[in-house]
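Asks: Given these sequences and hints, build the entire structure.
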Amino acid sequence: MTKPSPGTVRTRFAPSPTGLLHIGGVRTALFCWLYARRHGGTFVLRVEDTDRERSTDEAVRVILEGMAWLGLNPDEGPFYQTKRYDRYREVIANWLQTDKAYHCYCSKEELDTMRAEQQARGDKPRYDGRCRHGKPPVAGVTPVVRFKNPHEGEVVVEDAVHGRVVFQNKELDDLIIQRSDGNPTYNFCVVVDDHDMAITHVIRGDDHLNNTPRQLNMLRAMVGEGGPVPVYAHLPMILGPDGTKLSKRHGAVSVLEYDREGFLPEALLNYLARLGWSHGDQEVFTLAEMVELFDIEDVNKSASAINPDKLAWLNQQHMLLADNTRLAAMLRPQLAAAGLEVPADTDLVAIVACQKERSKTLREMATASRFFFEAPQAYEEKAAKKHLAAEGQAALQAVIGVLEVLPEWNGPAIHEAINALAAAQGVGLGKLAQPVRVAVSGGSISPPIDATLAILGRAETLTRLARAAVAQG
RNA sequence: GUCCCUGUCGUCUAGAGGCCUAGGACCCCACCCUUUCAAGGUGGCGACACGGGUUCGAAUCCCGUCAGGGACGCCA
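271 is the number of the first residue of the first sequence in the working numbering; add one for each residue after it.
Errors might be hidden in some of the hints.
[Unchecked claim] Listed next, the in silico BS3-like pairs over lysine-lysine satisfying Cα-Cα at most 27 Å (straight line):
1. Lys353 with Lys418
2. Lys394 with Lys405
3. Lys370 with Lys405
4. Lys515 with Lys440
5. Lys418 with Lys405
6. Lys405 with Lys353
7. Lys580 with Lys630
8. Lys655 with Lys701
9. Lys394 with Lys418
10. Lys515 with Lys580
11. Lys394 with Lys353
12. Lys394 with Lys370
13. Lys515 with Lys394
14. Lys656 with Lys701
15. Lys370 with Lys440
16. Lys394 with Lys378
17. Lys630 with Lys652
18. Lys405 with Lys378
19. Lys701 with Lys652
20. Lys394 with Lys571
21. Lys515 with Lys418
22. Lys440 with Lys405
23. Lys440 with Lys418
24. Lys515 with Lys571
In case anyone wonders, no lab produced these hints; they're calculated from the structure.
Replies: Below you can see the structure in the form of structure tokens.
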């Protein structure tokens with residue numbers, strides 16, 4: 271395949287708002303977006319809402335908000351198919367007139383019977399074309415419109431990820447392009463839109479590979495035999511962690527849920543990019559690197575299961591890379607969701623700085639940071655037993671002694687003071703740090719004690735130490 | 001049932017006939033570092049679905065089998 275020249279590439283992401291946008295759709299959107307960015311092209315967003323029964327405003331909202339959150343902004347659109355009905359009717363009228371389509375009066379029951387018979391014979395169920403050569407209108411029945419698919423020959427799909435795939439026209443049938451209620455159908459609208467929007471690369475899930483020959487036949491009805499057709503690229507499916515189809519139980523949740531759970535958009539995107547695509551041994555990619563390195567030719571053919579552990583790991587990798595001020599702003603809503611009030615003078619950036627290497631997500635970070643905002647209600651039993659007994663009490667008193675008189679309250683000063691005390695007493699740092707940790711955090715886990723106390727402030731630190739120093743019997 | 005697609009560690013992947021004793025990553029385990037937890041470092045466990053060909057040589061090419069998935073709607 272020849273490389274597209276700059277500025278000519280046009281890709282589209284065409285979700286249908288019948289379910290909430292989940293990571294399967296996001297991966298498709300990402301590859302479309304990356305390909306357009308990589309080749310200096312145009313990324314189009316088109317909402318395929320011709321199924322008016324099942325499309326919801328909520329689903330449309332999730333698509334728009336989700337893509338905005340991820341930064342996958344369209345260069346054109348969103349377009350809505352329901353706003354293009356005049357155009358679809360125009361094409362259908364033209365096809366009816368030029369004998370490329372015809373009215374079909376078959377009832378649902380009739381079609382069901384026909385399919386049942388075919389199944390019983392071991393045939394592939396397909397419309398047998400009984401109305402194809404003109405049948406008198408049936409009174410009181412509004413006909414559907416069917417496309418006249420060629421009977422002979424084959425359709426060749428030159429797929430960018432699967433290679434050449436050949437279908438026989440005799441396997442296809444005359445599909446309905448307009449329902450009896452007048453609404454056009456999916457496969458038809460896709461063809462008209464991809465043509466009208468001058469899409470050069472159709473990148474979508476490989477569940478659409480089987481639709482491609484029908485679409486190619488209709489496209490040729492529009493542009494003629496030698497007319498331009500887009501490059502097709504059918505991406506492998508994404509499966510749930512157990513290797514089965516993505517479902518509500520695992521993974522098929524709204525993409526916005528990942529925001530709520532404290533994932534970074536670039537981490538999700540990085541994770542999704544590595545599903546079916548790779549660049550040597552590299553695991554962590556910035557958005558810029560993905561744009562620079564991505565190519566549809568390097569995409570795999572086989573389906574892949576999502577791995578929540580790896581997503582979490584990648585999220586931490588990206589937090590480590592991210593700017594602390596930005597992370598602090600993202601941490602705020604997580605703290606609020608955890609029911610914590612953040613005083614105006616809190617140094618969230620300092621909290622982020624010491625927590626990000628010990629958190630997989632921002633939600634985890636919020637949870638682990640609770641004690642910065644609330645004094646411990648109780649001490650973790652095991653930790654208290656071990657560190658707040660007689661020996662611990664003495665350690666706390668000694669620490670209180672040096673911290674009370676510390677001239678400056680900052681990390682290095684605290685570090686030095688406690689180190690000096692440990693040296694003077696001839697004990698390891700742990701002997702002092704652990705009791706302090708339990709006293710201020712309520713448990714045995716926290717960032718380094720000097721950073722922790724610096725953030726907490728002198729007054730709060732001394733209050734908590736004093737309380738712990740007498741708390742245990 | 002018919003047609004189409006896919007098959008490398010548990011998972012994501014590298015691999016374009018000799019660089020493969022099959023590499024990396026997540027997970028798990030051990031050790032190092034260490035003030036706890038992490039992060040980081042080192043090492044370990046662990047795969048070419050099966051059977052036939054082609055070839056001096058096959059994870060790689062061909063055929064078959066098996067397994068998984070998709071499509072077959074007045075859903076998209």
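Asks: Look at each hint and say if it fits the structure.
Replies: For each hint, the structure was consulted:
With a C-alpha separation of about 26 Å, the suggested pair Lys353 and Lys418 falls inside the 27 Å cut-off, and the hint holds. For the proposed pair Lys394 and Lys405, the alpha carbon gap of about 24 Å is at most 27 Å, so the pair holds. Between Lys370 and Lys405, the direct Cα distance comes to roughly 16 Å. Compliance with the 27 Å bound is thereby established for this hinted pair. In summary, the hint linking Lys515 to Lys440 is not supported, as the alpha carbons are separated by about 30 Å, beyond the 27 Å threshold.
For the proposed pair Lys418 and Lys405, the alpha carbon gap of about 15 Å is at most 27 Å, so the pair holds. About 32 Å separates the Cα atoms of Lys405 and Lys353, which puts this hinted pair outside 27 Å; it is violated. Taking the CA atoms of Lys580 and Lys630, the gap is near 10 Å; set against the 27 Å cutoff, the hint holds. With a C-alpha separation of about 14 Å, the suggested pair Lys655 and Lys701 falls inside the 27 Å cut-off, and the hint holds.
A distance of roughly 18 Å separates the Cα atoms of Lys394 and Lys418; the hinted pair therefore holds under the 27 Å criterion. Between Lys515 and Lys580 the alpha-carbon distance is near 19 Å, which keeps this suggested pair within the 27 Å criterion. Simply put, Lys394 and Lys353 have alpha-carbon atoms about 35 Å apart, too far for the 27 Å limit, and the pair is violated. Pair hint Lys394 plus Lys370 holds up; C-alpha atoms about 24 Å apart against a cutoff of 27 Å.
Restraint check for Lys515 and Lys394: satisfied, since their Cα atoms lie roughly 24 Å apart, inside the 27 Å limit. Only pairs whose Cα atoms come within 27 Å are accepted, and Lys656 paired with Lys701 is accepted, the gap being roughly 11 Å. Of the pairs offered as hints, the one joining Lys370 and Lys440 holds, with about 17 Å between alpha carbons and a cut-off of 27 Å not exceeded. A threshold of 27 Å between alpha carbons decides the hint, and for Lys394 with Lys378 the separation of about 18 Å falls inside it, so the pair holds.
Taking the CA atoms of Lys630 and Lys652, the gap is about 25 Å. The hint holds against a cut of 27 Å. Taking the CA atoms of Lys405 and Lys378, the gap is about 16 Å. The hint holds against a cut of 27 Å. For the hint linking Lys701 to Lys652, the alpha-carbon distance of about 16 Å falls within 27 Å, and the restraint holds. A threshold of 27 Å between alpha carbons decides the hint, and for Lys394 with Lys571 the separation of about 26 Å falls inside it, so the pair holds.
For the suggested pair Lys515 and Lys418, the alpha carbons sit about 34 Å apart, so the restraint of at most 27 Å is broken. Simply put, Lys440 and Lys405 have alpha-carbon atoms about 22 Å apart, close enough for the 27 Å limit, and the pair holds. Under the criterion of a C-alpha separation no larger than 27 Å, the hint pairing Lys440 with Lys418 is consistent with the structure, at around 12 Å. This hinted pair checks out: Lys515 and Lys571 have alpha carbons roughly 16 Å apart, not beyond 27 Å.
Hints 4, 6, 11, 21, counting from the list given before, are not met by this structure.
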